[in-house]
Amino acid sequence: MQKNAVFPGRFESLEKISVFVKAAASAAGLDEYATYAVELAVDEACSNIIEHAYGAEDRGEIECDCIVLSDGLKIILRDTGAPFDPDAVPDMDPSVPLEDRDPGGAGVFLMHKVMDSVEYRFTLKGNILTMVKHK
Amino acid sequence: MEITTTEYNRCDVVKMTGRVDTYSAPKLQEVMDGLIEAKRHNIVFDMADVDFLSSKGLWVLTETQKKCKKQNQGKLVLAHTNEKIRGSFDLVGMGGYFEIYDDVTSAVGSF
Chain A
1 MQKNAVFPGR
11 FESLEKISVF
21 VKAAASAAGL
31 DEYATYAVEL
41 AVDEACSNII
51 EHAYGAEDRG
61 EIECDCIVLS
71 DGLKIILRDT
81 GAPFDPDAVP
91 DMDPSVPLED
101 RDPGGAGVFL
111 MHKVMDSVEY
121 RFTLKGNILT
131 MVKHK
Chain B
1 MEITTTEYNR
11 CDVVKMTGRV
21 DTYSAPKLQE
31 VMDGLIEAKR
41 HNIVFDMADV
51 DFLSSKGLWV
61 LTETQKKCKK
71 QNQGKLVLAH
81 TNEKIRGSFD
91 LVGMGGYFEI
101 YDDVTSAVGS
111 F
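From first to last, the protein sequence lines stand for chains A and B. With this note's numbering, letter number 107 in the first sequence gets 107, and the count goes up by one each step, no holes. With this note's numbering, letter number 7 in the second sequence gets 7, and the count goes up by one each step, no holes.
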């Protein structure tokens, strides 16, 4: 099963994107913890697309594909913004005292922690982020 | 999404419903900053009806805690934090930064 939806690139869309991916996670048979992981990773990724790839709200769309695999769920997010490689964001170090941390890195850190794979590609059409969560 | 505050003698309880994401986190920050500006540094964040917290939400809570604890003026404590959200706290190393209570009564009683 594969589902596709396109959302306006604004923060208000995050809840609608969440509803869309949670339905796919349920169809893929993910449990509530794996579903929450998908919701979290997709939310962080889409926030980054709006903030960094587009640089502001309402500058483009976010296309989301959810593909049910035999052992989990694959999510592909596409945008037409500037190249934004989440892996280029400096790794957050959880051992650094909170007072000394930069607010930026936690989202990408969480994406990598909660998903089984996170892959980024930039093409002539824009950024493509592919994430997989196994059951 | 709805945010309400209730004033008690020793603290204020901030209750939010729904998601704390990049869209709603600034509104939560506004409410928390309003309390701190009013010199009310003892805050309970009631998360009974919060079903999702992104890194932006984690950051709002961390910033609020820093402001509350400045010069030992007070603290932010959490109540009714669900297991999935606690998981995010632990992953980013914030698990020990907040006192977490099972219910609002115990959280209010901590002040």
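Heads up, some of the hints might be wrong.
[Unchecked claim] Just some of the chain A residues that point at chain B, by a computed CB distance under 10 Å:
#1 V6
#2 R10
#3 G29
#4 E32
#5 M92
#6 E99
#7 V108
Derived by calculation from the structure, the hints in this document are not laboratory data. Fair warning: this is a prediction, and the values are worked out from it, not measured in the lab. Where a beta carbon is used, it is the ideal one built from N, C-alpha and C, also for glycine.
Numbers of unmet hints, in rising order: 1, 3
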